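Based on these hints, arrange chain B on the given structure of chain A.
Chains A and B, in that order, give the protein sequences.
At position 210 of the first sequence the residue is numbered 210 (our numbering), and the sequence of numbers has no breaks.
At position 184 of the second sequence the residue is numbered 184 (our numbering), and the sequence of numbers has no breaks.
To be clear, the hints were calculated from the coordinates, so they are not data collected in a lab.
Fair warning: this is a prediction, and the values are worked out from it, not measured in the lab.
Just so you know, even glycine gets a beta-carbon here, dropped at the ideal spot from N, CA and C.
Any given hint could be a false lead.
[As the list claims (entries may be wrong)] Here are the simulated DSS-like cross-link-like pairs (lysine-lysine), alpha carbons at most 25 Å apart as the crow flies: (1) A:K227 - A:K307; (2) B:K67 - A:K89; (3) B:K67 - A:K81.
[Stated by the list, open to error] Computed far set for chain B versus chain A, every beta-carbon distance over 12 Å: (4) H19; (5) Q41; (6) H80; (7) K85; (8) Q126; (9) A158.
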Amino acid sequence: MSLSKQFKKLAVSCLIHNARVFSTSGCRLSNTLLHRTVNRHRQIKGGAADYQDNEEDASDDTGVRGVDLHIQMDGKPKPQKEVDTFKEKYPDFLPRTDRACRRDYVLEMLHRRDMFRRRQNLSIPEFYVGSIVSVTVTDPYSPTKENRFVGICIQRQFSGLSHTFTLRNIIYGQGIEIKYDLYNPNILKIECLKTEKRLDPELLYLRDCPPEFSTFPLDMEKVPAPKGKDVPINDVKIPLNKPPWLERWERRKDLKGITGNDRRLTYRQKKRAVLSEKPWLENDIMLEYRRSLRDDEVQHIKGVVEKFLEREQRRKEEAEKEMAEES
Amino acid sequence: MSRFAFRNRPRKLSKAMGHNSGPPGRELRLQKTISMLLRFQRIEGSWGVINETREYTEALIERAIKKGPEDPEMMKLANHWLLEKDLVHMLFKEYVPRFSHPKYQNQPYLQLYKIEMQPGRQYMTQMGCLELKENPWPKVKPDPPNTEGQLHNVLLKAFFEDKRKFSGNHRPHASTKPDFDNVKGMENLTLNEDVNQSETIRNMNKDSVSAENQNAQSSNMDKSENSEEEVVDAVLLDNKSDRERPNTENKC
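Here chain A stands alone, though its shape is the one from the complex (with noise of 0.2 Å):
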């Protein structure tokens, strides 16, 4: 490279470190705030200009919120209780948590708007990973225009708008997932036929167990759940096929929704079991915090979220009111 690319590249570089040294944060690890940002977006009257949708009104958010005590004064209910059930029924609007320092604040609140954009168009029913869902997608070579397809939720992934989640059905004899994204507008109705959990957060175990077990109806009906409960839980404990299976499934001790989990080894699949076994990784605390989210963030999300949830349904009776006074 000529003297003068490389002195240009220097002075880049050069820029960019200014820039990241004085951004913000104002520090080298970008997990942090100085406490004078924190303690100037807490004066402000509202909660921080920056980490708040503008269409929310200002006088209701309380901002940031304190960490939970274990010890409980009040006889409510535990808001870390709140915080769990939120953190199920809307894993979407949770932030990304694979990688903290990829996280773009900005990115996530724009996202939360389009949400809610497209939640005052579909409904969007709770449903969880072992719930039984519909979906109807818009399909321009069908007859009806419009394509059902009905089937257990194996997994959800992602945050935002990108949020997926997989249904799994067996159809003559073929198993069948789909993975569709909640927010895609070609989506045009979801219904959860049954809202429940299993024990694990993620099913992809049923690739390797008896097709009974994953095979649901297509024209099943709507099981009422039951309101004002926790969603029930199905204890079920499903037998894996004979091995070979497609992942390993020996190896993972904490799924509790299997049995049939040991296979027999031979010494060379036991030697490198032996050194595939990391039980260091089983008491280290940095790596859930890495992984983790901070309670009042959650809070804050959740303020958001249920705040968004009042103003539909004061419009919607609104709008019924004015349509009875018309009839």
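Coordinates of chain B only, in the frame set by chain A:
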């Protein structure tokens, strides 16, 4: 945003328990240092190990505060990381109440200092000193001197206060509490041009002072004239030592 700074990737610490010790050696080394830290509340060591223990103890204490001693998983974790079992009791009975104070909501529990390189060591490694906050030992760094009463600081404060007053509402979000009035050495200084005018004002009669007070509206001159007499006596008759008074000398 996090309460304490942490690295995005874990440190490998390949020579934690001697050469070629690997991840289990790293874990054992961290267990040892965390136990030592919770027993003695201040610890020295090489930079990488110290930083890792800082991250792990912060996370451990935060989790202990959140979950409490009744959670069986929390007990298992504490038993795993703390090699001596009386430290588990110490964690839940002493450190959890200490760090449950609301001021630690956005503040780390541990403080890290860089130490000078010590002579006589074979390798030039960076050394650090890690301590829990509110520990009984004397401070690692002395408190910086109070420079509030120094002339340049007083003038700068007054300048910014005046700017804030006469700028209009360009900053509606700022707090309205000025720290201006807390500095006691302010009233000793005059904003007048004459140096001897302070003495002449002191020698004036009280009648003339009160007459001026009745006539004039609130202006800076009147305020300084009225308050000076009272303040001068108050400052001289104070029973405070020199250390508690803000130093007004510009010690360069």
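Hint check, failures only | When the structure is compared with the hints, only number 6 turns out to be violated.
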